[in-house]
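*Asks:* Using the sequences and the hints given, assemble the complete structure.
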Amino acid sequence: MKGIEVLKRGLITENPTFVQLLGMCPTLAVTTSLKNGLGMGLSATAVLIASNVIISLLRKLIPDKIRIAAYIVIIATAVTLIQMILNAYLPDLASSLGIFIPLIVVNCIILARAEAFASKNTVGKSALDGLGMGLGFTGALCIISAVREILGSGTIWNIQLYGDVIQPASIITLAPGGFIVLGIIIGVINAIKGRHESKAAGERG
Amino acid sequence: MAKEIISIIIAALLTENFVMVKFYGICPFLGVSKKVETAMGMGMAVTFVMAIASMITWLVNHFFLQQFNLEYLQTIAFILIIAGLVQFVEMFVKKSMPSLYNALGIYLPLITTNCAVLGVTLLNVQNEYNFFLSFLYGTFAALGFTLAIILMAGIREYLDEKAVAAPFRGFPIALITAGLMAIAFTGFSGFSI
Amino acid sequence: MINVKEIFRVGLILFIIAALSSLLLAYANQVTAPLIEENTRKKTEASMSVVMPDADTFEQVENTSDDIVEAYVAKAGGETVGVCIVCEENGYNGAVRIVAGVDDEGKVTGVDILSHSETPGLGANAEKDSFKDQFKGKTADIGVVKSNAGANEINAISGATITSRAVTGAVNKAISAAADILEEVQ
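Residue numbers (this note's numbering), protein chains in the order written: chain A, 1 to 205; chain B, 1001 to 1193; chain C, 2001 to 2186.
Honestly, the hints are just simulated from the structure, not real lab data. This one's a predicted model, so the numbers in the text were calculated from it and none came from an experiment. There may be inaccurate statements among the hints.
Listed next, the in silico SDA-like pairs over lysine to any residue satisfying Cα-Cα at most 20 Å (straight line) [what the hints assert, rightly or not]:
#	chain 1	residue 1	chain 2	residue 2
1	A	65	C	2008
2	C	2146	B	1188
3	A	65	C	2004
4	C	2173	B	1126
Rough simulated footprint, nothing fancy, chain A against chain C, three-plus residues with beta-carbon under 8 Å [stated by the list, open to error]:
#	stretch
5	2013–2019
6	2023–2030
No residue lacks a Cβ here, since even glycine has one placed at the ideal position from N, Cα and C.
*Replies:* Put into structure tokens, the structure is as follows:
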């Protein structure tokens, strides 16, 4: 498999959020503003690249029986490092993401990539896979959080859009809005995909 | 004290419900909520692990990490405790209660990556709960999770997916259903003693 | 038959991984901890000059109760003009940390939010001056109402009663701690 394909898989065809439906907790919890969505996406991407690289490096040394425990230790280390860096250099982002930074440890995307990809592939490819999957996750978070911020707060990246004229629907930034917006976005993506596929099938036959 | 206990119970079950308000444990909530029976099994397994994990992590944090100023190892220590605990529970249930193991078997390993478990242990530290309150919060937060997942399974059993537009079948309609349930849960918000 | 040697080997590898991780984190903690402390200190100092604009120096004093995080005596030209208190209260998504300035008559001179994890567009609106400025001039036991605030009350942020209550609770704690500290200083 070529490098570019590894990247494209994570970004589009096997997008961790919209296609594989992994890592739903942070996807719903932190997408209340574009800033938070992007921050969470990039933090998870950094963790994903680091854990993929280290696990790929150690893949021949880690015995099969304890691989999950070993992966968890490696992932938790990467997460704690990111947490320290955010606290030191981006304290506002760190405090607004709060407890969801340490919870990156249990984001199933990261463990899934370790198990399904990094433990079987070379370091270079694993890094690319981490980058692709991470950016796919980040992109998905940005789309969801942009929709929720525009509809729920009437702002985008904290810039006022229409809040003075129409009262924004703050329920969109609350929990129910998270579920409903994500449900509708995945439904729309399925519809587009369905049309695409039936078109392709029509062309073939 | 009694007032604190009651307010923790109400918050954990309703006003700050782990699934519907705080977004912890969404993966099993959506994945294992197609039948009421399996939802109950998952809820029971999670409750068991969360109650015990709350106690053990409190002990480790209080008598070890805080004593030696090692708070930065919290995440690693807690997730290792949870992973070990889940493994232990799996072995124990398999040996002593085979019928329960058959019912829960496939869900047990999944609990390690349920963020509700790691979440509650971290929240116990953040809220500075003592040993008893940590145990209480862990147990009732898990019961709140169980409540949400059973309610969801009840709805999904009746939901005729054939009546749903094709692109929305499965996951999307489940999310929208969850959203409507969450609106009901916002009705509890602000309710406190 | 369980192989004891195998278990030992596997355990040792896991132990080495965990030990290396801990070492790495210990090092990273040593590097970042002073930076984090410095950040918090700078932010607190900047906020203190906002909530207590009359003062020119802030001297940290010992805490009088476990309710508060830090206490500072505010001075202008060597004279004590008030107290700044840093304290926390749990909001919707976690701790809300504030700093409140209280003058020598027990009146609030200003409130600033130091850190929070509240929902953007709702609870996070506590950062807005229109909410924070309501506390100016208030005295002990401030109440929270949805609208039409009375003499010693503030209007809650719409849709974010829990956050409003958390900030107000923290300010009330600060006022009572400030009274104790002023008594000690004078």
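*Asks:* Which earlier hints turn out false for this structure, listed by number in ascending order?
*Replies:* The structure breaks none of the hints.
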